[in-house]
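Engineer: Residues per chain, in single letters:
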Amino acid sequence: MKLYSDLEYLKLSKGQKFLYNLRCFFAAIPRWFAKIGIAIGRFFKNLFLGIGRELKDIAMTFVHGDWKTKISYVVMGFGNIARGQILRGLLFLAFEAVFIFYMVTTGVNWLSKLPTLGTVGPHEEYDEILDAYTKVYGDDSFKILLYGVLTIFFIIAFIYTWRMNIKQNQTAEKILATGKPLKSGKDDLRSLVDDSFHKTLLALPLTGILIFTVMPIVFMILVAFTNYDGAHNGFSNNLFTWVGLENFKQLLSFSDGNKVYTAAFGEILTWTLIWAFFATFTNYFLGMFVAMMINKKGIKIKKFWRTVLVLTIAIPQFISLLYVSKMFAQNGIVNGFLKDLGWIKDPLPFWTDPTWARFTVIIVNIWIGIPYLMLIATGILMNIPADLYESAKIDGASGFQQYAHITLPYMLFVTGPYLLTSFTGNMNNFNVIYLLTGGGPDKAWASAAGGSPGQTDLLITWLFKVTTGAESKYYQASVIGIMVFVVMALITVVVYGLLPSNKNEEDFQ
Amino acid sequence: MKKSLKLISLLLTLVMVLSLGACGGQKDPTTGSSAAPQGSTAAPQGSTSSGSQLAGTYDIKVWCPENAVSWTKEQIDSFNKSNTDGIVINATVEAVGEGDAATSMITDVEAGGDLFFFAQDQTARLIEAGALAKLGKAAAANVLENNEETSVIAVKSGDELYAYPLTSDNGFFMYYDKSVIPEADLGSMEKLLEDCEKAGKYFSFDVKNGWYVASFFFATGCSSEWEYDDNGKAIACRDNWNSANGLIAAKGLKAFVSSKAYNNSSSGADFAAATPSAIVVTGTWDYNTIKDILGDNLGAAELPSFTVDGKSYHLGSYTGCKLLGVKPQTDAVKQAVLHRLAQFLTNEECETKLFEQLGWGPANLAAREKASSPALTAFDAQKKYGTPQGQISGGWWDIAKAIATNVENATDEKGLQDALDIYKEALAGIIDMPEDEATAMTVIGAIAGTNWDTDFEMTQKPEGTWYTTEPIELKKGDEFKVRMGKSWDVNFGADNKVNGPNVVVEEDGWYFIKVVVNAGLTEGVISLEKNSPSTGWTVIGAIAGANWDKDFDMELQADGTYKSVDAFDLEAGAEFKVRQGQNWDNSWGNGTDNFKVETAGKFYVVFNPTTTEVSLSAE
Amino acid sequence: MADLKKLSEKTPENELKKHIGLKASRTIGNTLIYILLIIMTVIWLTPFVCIVLQSFRCESTYIVGYVIPQQWGLDNYKALFQTDFPIWYRNTLITALCVSVLQTVIVLCMSYTLSRFRFKLRKPLMKFMLVLGLFPGMLTMIILYRVLKDLGLTQANAVPGLILVYIASSGMGYYISKGFFDTLPKSLDEAARIDGATRAQVLTKIILPLAKPIVIYTILTAFMGPFGDFVFARYISMNTSKGMNVAVGLWSWLTPDQVQYKYTMFCAGGVLVAIPVTILFLCLQKYYVEGVTGGAVKG
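Top to bottom, those sequences are chains D, L and V.
For the first sequence, my numbering assigns the number 14 to the initial residue and increments by one for each residue that follows.
For the second sequence, my numbering assigns the number 1447 to the initial residue and increments by one for each residue that follows.
For the third sequence, my numbering assigns the number 9 to the initial residue and increments by one for each residue that follows.
Keep in mind the hints are simulated off the structure, nothing from the lab.
Please note: incorrect hints may appear among the correct ones.
Stated by the list, open to error - Simulated crosslink set (DMTMM-like; lysine to aspartate or glutamate; CA at most 25 Å straight-line):
(1) K309/D with D408/D
(2) K1583/L with D1676/L
(3) K1644/L with D353/D
(4) K358/D with D1652/L
(5) K1519/L with D1505/L
(6) K1624/L with E1606/L
(7) K272/D with D2031/L
(8) K1737/L with D203/V
(9) K1737/L with D158/V
(10) K1679/L with D140/D
(11) K1860/L with D366/D
(12) K1679/L with E137/D
(13) K128/V with D207/D
(14) K315/D with E298/V
(15) K316/D with E298/V
(16) K1527/L with D144/D
(17) K128/V with D70/D
(18) K1583/L with E1673/L
(19) K1921/L with D1867/L
(20) K1624/L with D359/D
(21) K272/D with D1867/L
(22) K128/V with D201/D
(23) K250/V with E1520/L
(24) K352/D with E1640/L
(25) K193/D with D207/D
(26) K262/D with D1997/L
(27) K339/D with D237/V
(28) K339/D with D2031/L
(29) K272/D with D1997/L
(30) K1697/L with D140/D
(31) K262/D with D1505/L
(32) K1583/L with D408/D
(33) K1870/L with E1903/L
(34) K1697/L with D353/D
(35) K352/D with E1512/L
(36) K1816/L with D1742/L
(37) K2009/L with E1859/L
(38) K30/D with D19/D
(39) K126/D with D158/V
(40) K86/V with D1738/L
All of these numbers come straight from a predicted model, not from anything done at the bench.
Using the sequences and the accompanying hints, generate a full structural model.
Structural biologist: Structure below.
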């Protein structure tokens, strides 16, 4: 395709500019993939090179180091203590002690079972005198997987700390060689509130994220490679074990037996995207519209209108949405009201007809979502420089023209990232769907796809149904979860490519 | 800068490790948080009789529905007073809905209630999850003695019992508003729908739910039975909903869901909804609510009949139980105590009180005799048409609930049949479905050395098309017929009609006998085939340009062997196998290994099914 | 057309006409807007008014087809106090208070650092958290439950367990307040540093006072969160009444076997839950708006 220079680009009309940008975007797609490929390749190359470098450095430090350093290879922190950095040394030493204690007492046990996820299932024993069967439990696959993963995390942390310990010896030797003193424990502590203040600040949040977000996600991904479900719960009935890529094959094989599963996934994904699109943009434009209405000059009691609208934010959704769901039921008060008015003879199938149900959830979502957008838009609209409008008025621009040429571009520019997060947020909008329709009405043909998905189910609600449904197929839920991730990642990458580039950022500055 | 980062991470890892060590330290997976303190309260062992062995104080957790909490507490108190073994139960009673109880038990058995109430549809799931303790021999005998057969089915898997029947009123019937529905119309679904439409009210029947939709299928004589082993594992399902009778049921269902009066619900409160119902199909548990709304206008009756093609079918129902389950324990003494308590709670006295307080129909026979209420009367009336609900696999509920939606969307008879096909296909996907003998077709005649005394099995594929499972050697002049369920009630002959004349064989040879039966069982087209698509043998291998990806047809020969239709150019060293129905479990070459060609040439492949020998024959 | 042309000529007469015309069209426009706003107000308020009305219904406890009670009274509210509702309420308040304090601290640490400090791992860290955020959190419920169970923080002890999980993963939600910090000029920090303040002093003495809107915004959203969580909290409390929050408890009243008896109580409970949250929200609305507009769009 033809590439324009900046000057040529500026000469293009609006439509041409758009088309040009669109074409550039699609032309760039293959390049992105190439880039991703190269990035991955580079990552591994650097990784291996890095490991090689580290190993060499470790060996060299050992060869050239003094005896304190050499002992530190076995007794962590020895070098620090010997050189007077007692606090650091003790911490290293304590860490090593805890690590060894943990590995010997339990860590090895979990690790050794990790490849099989346990071998001894539960069984029953009959007691003649008491006339009772007692349960004798065996291994617990879930725990083995969980603590196996944790142990691996721990080992990685240990290796890293060990490496640090060696590096510190190396640096200490160097510093001492130049004749300067080493940092004392007091210095270390002081830097925590000053130079290294960010480490202090990040320590707690990151630990939390590591244990309660990263570790569960790793675990969840691993579950996708097991047969963990209600019939293999890993403890009280059958153990579960590794099945390799079997679960992904089920979804992606398109074979006869799994046709329904694959097709259901396709349909639910499509609806999820449609839903996310409408949920995002109806709210976006209507919210902006409402904000403009309320902000219009001459409209009184602005605060009152806003307050009424934000009630839907303030009141917990499980109350408001559940009630709305009942209102729209086939024999609910909305149908009753319309019937009393004589507007309808038969009740409207708000939740029972697939198309109606999809339409209704989008409408109700507007009820929930407009207020957020109204608040955001209010803030942004106030920030638009008033002189932009003044000069537009002088040029004779109509209200709509002002909107199309000033308000909308400004909004879109400022809220670009928000639109993206709002889109992905809507893809995972569990509450609205689960509370309003519970996923219904039935997607009858797909009943065998696991979790009994419905016509308004999003991937996220389907996933929830799969785990809590009759068969509790955790592995299937995990596969769906990974797919959700893949889809969201793709969208995020693509949309970041589309967001306003630096070129037109200047327009507003 | 860097050093203090290290320091911090060091500190953090320490904290993490300590907490890790603390929770990872439990080596014994049985030391659940709930089991530990209780084990220690067990009485000292070593006494001689089991009674005194049980003496002690036990902390237990009971999960029961909200409205039964006070009953449960009272009865446990009275158990503490009345038992002679010195058992003192210290119970925490939590209000947990029946559905939630089962789901939670399955999610985490360890955290579950030691005793819990649940509805019968959850039994199979609970046993499968290992959440129900098997009854001891004496306890089982006690249950058998005090309950009727239909209640025992509810707690049985294989030959073992897994729970205690608490009520035997878990079935549905019909509540109606006397001010809208004249008593004379009660027997007919069509009239009831008309009455509702006229009054602008609804007929609420939750047919998008497997439990309720079964009603239509039971009406036309269909059945769906699950076979379970002793450990709660489903082995097979005998289900004939996809049949001529099933189609009749589907038609009845279609007529119902097409009515303007149809409302998909089973909530008693629908009598007071914005657009109210005049009829609600639900069970005894809704009696109080409905009584509250309708007052003297409350009517309860058995379900009506629906009419298809001039014939009327009385709606059936599932009848089942609410059950009391005991959680498996690691401590034998506590387990025994829990069983004692469960037995006590389901005895005559306790169940009578349960009826008096909540109106739940007792399962205990003696208690049941004394109990009587309008709802129970209607339940008993419907019970005559009821099917005792045995164990049903969890997956079935999802599959069965889809029927009504598919039927609703169907526009013609084919659509209805499709709905049934989808059901059957989905069911076959989760469980082995042996052919139902009552609807299976067989061949009988003076053939292959028999004289109208032996039925030859047939296999169905696809729906309505049957082939003999094995090829049969027929001689010229042999006579035979095809019949259903090894009975002469439905049989087909030469004119393809029921009770037609015998089919006479015209030419010697090995044949598959094929019959195509229509849905109404009025016509069966019989033909003799050299091959059957489902049971036929094929050649597959790295031959004729294919690479184990293509099946080459074989034809049945007069001598009972199969020969490939085409001759192949075979190279030396080429490998192939012969298989039946594209099934590798039934594939042959050199024994069960691949057949290896020794000398190149153009050959037919020949297979002898009796000796399972593969050979090559020159063109 | 002719009129328009005339109007475009700038005579005093025309100016006056134009003014009147504009005024008229503005009045019409405003009237239309008022009508629309009133319709919206009705739509927005109806469900809430209905819930409040239902909560005062005494004649029956199930879902009915009319809105205005036939018999008014406080029965449902009284009945609430016979149940475990007060315990649920207390649990929720404790959770909300702890979470709002701790979560705010963590979010502020996180966002302030990522906004103000430049260190080697900053970009990779933000990217990594972006990637983490794309995984559906719903799934991790099963494992978090098991971890909490091993720590003894489920069922009756669900409250500390919930608090732990809420705050532990709250660092992920730093975007909005980072957006806010980005808007504060860096020169402030630099000036203070030159005056010899440590980084910690810069944060506590200079930045925090300026960050009042975002602090209040964070506290507010963190406080409201626990009131609405009925999925994870339900899982953790595992049917133990003592460990439930209001959402889980009220939710349990809507199961098929209870809804007939507890529906109006559900509404009453809903009202009691909504009142404090709503009042708080409306009082702090100003900060909420500043928070979302200041932070959200730049995140």
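Engineer: All hints are to be evaluated individually against the structure, with a verdict given for each.
Structural biologist: Structure-based check of each hint:
1. For a cut-off of 25 Å, the pair hint linking K309/D to D408/D stands: about 21 Å separates their Cα positions.
2. Annotation: proposed proximity of K1583/L to D1676/L holds, straight-line Cα distance about 14 Å (limit 25 Å).
3. At roughly 16 Å between alpha-carbon atoms, K1644/L and D353/D fall within 25 Å of each other, so this suggested pair holds.
4. The suggested pairing of K358/D with D1652/L holds, with an alpha-carbon distance near 22 Å, which does not exceed 25 Å.
5. Of the supplied pair hints, the one linking K1519/L and D1505/L holds, its CA atoms being roughly 14 Å apart against a limit of 25 Å.
6. In summary, the hint linking K1624/L to E1606/L is not supported, as the alpha carbons are separated by about 45 Å, beyond the 25 Å threshold.
7. For the given pair, K272/D sits about 23 Å from D2031/L by alpha-carbon distance, which is consistent with the 25 Å threshold.
8. For the given pair, K1737/L sits about 81 Å from D203/V by alpha-carbon distance, which is inconsistent with the 25 Å threshold.
9. For the hint linking K1737/L to D158/V, the alpha-carbon distance of about 48 Å lies beyond 25 Å, and the restraint is violated.
10. As the CA atoms of K1679/L and D140/D are separated by approximately 24 Å, the hinted pair is consistent with the 25 Å bound.
11. Using a Cα cut-off of 25 Å, the hinted pair K1860/L and D366/D holds, with the two alpha carbons roughly 22 Å apart.
12. Taking the CA atoms of K1679/L and E137/D, the gap is about 16 Å. The hint holds against a cut of 25 Å.
13. With a C-alpha separation of about 17 Å, the suggested pairing of K128/V with D207/D holds against the 25 Å cut-off.
14. About 16 Å separates the Cα atoms of K315/D and E298/V, which keeps this hinted pair within 25 Å; it holds.
15. A hinted pair counts as satisfied when its Cα atoms are at most 25 Å apart, and K316/D with E298/V qualifies at roughly 15 Å.
16. For a cut-off of 25 Å, the pair hint linking K1527/L to D144/D stands: about 23 Å separates their Cα positions.
17. The straight-line distance between the Cα atoms of K128/V and D70/D is roughly 22 Å, inside the 25 Å bound, and the hint therefore holds.
18. Between K1583/L and E1673/L the alpha-carbon distance is near 22 Å, which keeps this suggested pair within the 25 Å criterion.
19. The hinted pair formed by K1921/L and D1867/L fails the criterion: a straight-line CA distance of about 37 Å is larger than 25 Å.
20. Distance restraint check for K1624/L and D359/D: the Cα-Cα separation of roughly 23 Å lies within the 25 Å cut-off, and the hinted pair is therefore satisfied.
21. With a C-alpha separation of about 15 Å, the suggested pair K272/D and D1867/L falls inside the 25 Å cut-off, and the hint holds.
22. For the suggested pair K128/V and D201/D, the alpha carbons sit about 20 Å apart, so the restraint of at most 25 Å is met.
23. Of the pairs offered as hints, the one joining K250/V and E1520/L holds, with about 21 Å between alpha carbons and a cut-off of 25 Å not exceeded.
24. Proximity of K352/D to E1640/L is assessed by CA-CA distance (about 19 Å); at most 25 Å being required, the pair is judged to hold.
25. Taken as a hint, the K193/D and D207/D pair is honoured in the structure, with Cα atoms around 22 Å apart against an allowance of 25 Å.
26. Straight-line distance between C-alpha atoms of K262/D and D1997/L comes to about 24 Å, which keeps the hinted pair within the 25 Å bound.
27. The straight-line distance between the Cα atoms of K339/D and D237/V is roughly 20 Å, inside the 25 Å bound, and the hint therefore holds.
28. For the given pair, K339/D sits about 54 Å from D2031/L by alpha-carbon distance, which is inconsistent with the 25 Å threshold.
29. Of the pairs offered as hints, the one joining K272/D and D1997/L holds, with about 22 Å between alpha carbons and a cut-off of 25 Å not exceeded.
30. Between K1697/L and D140/D the CA atoms are separated by roughly 54 Å; this puts the pair beyond 25 Å, and the hint is violated.
31. Taking the CA atoms of K262/D and D1505/L, the gap is about 48 Å. The hint is violated against a cut of 25 Å.
32. A distance of roughly 96 Å separates the Cα atoms of K1583/L and D408/D; the hinted pair therefore is violated under the 25 Å criterion.
33. For the proposed pair K1870/L and E1903/L, the alpha carbon gap of about 21 Å is at most 25 Å, so the pair holds.
34. Between K1697/L and D353/D, the direct Cα distance comes to roughly 33 Å. Violation of the 25 Å bound is thereby established for this hinted pair.
35. Restraint check for K352/D and E1512/L: not satisfied, since their Cα atoms lie roughly 36 Å apart, outside the 25 Å limit.
36. For the hint pairing K1816/L with D1742/L, the CA-to-CA distance comes to about 24 Å; that is within 25 Å, so the pair holds.
37. A hinted pair counts as satisfied when its Cα atoms are at most 25 Å apart, and K2009/L with E1859/L does not qualify at roughly 42 Å.
38. Restraint check for K30/D and D19/D: satisfied, since their Cα atoms lie roughly 11 Å apart, inside the 25 Å limit.
39. Our distance criterion of 25 Å between C-alpha atoms is met by K126/D and D158/V, whose separation comes to about 19 Å.
40. The suggested pairing of K86/V with D1738/L holds, with an alpha-carbon distance near 21 Å, which does not exceed 25 Å.
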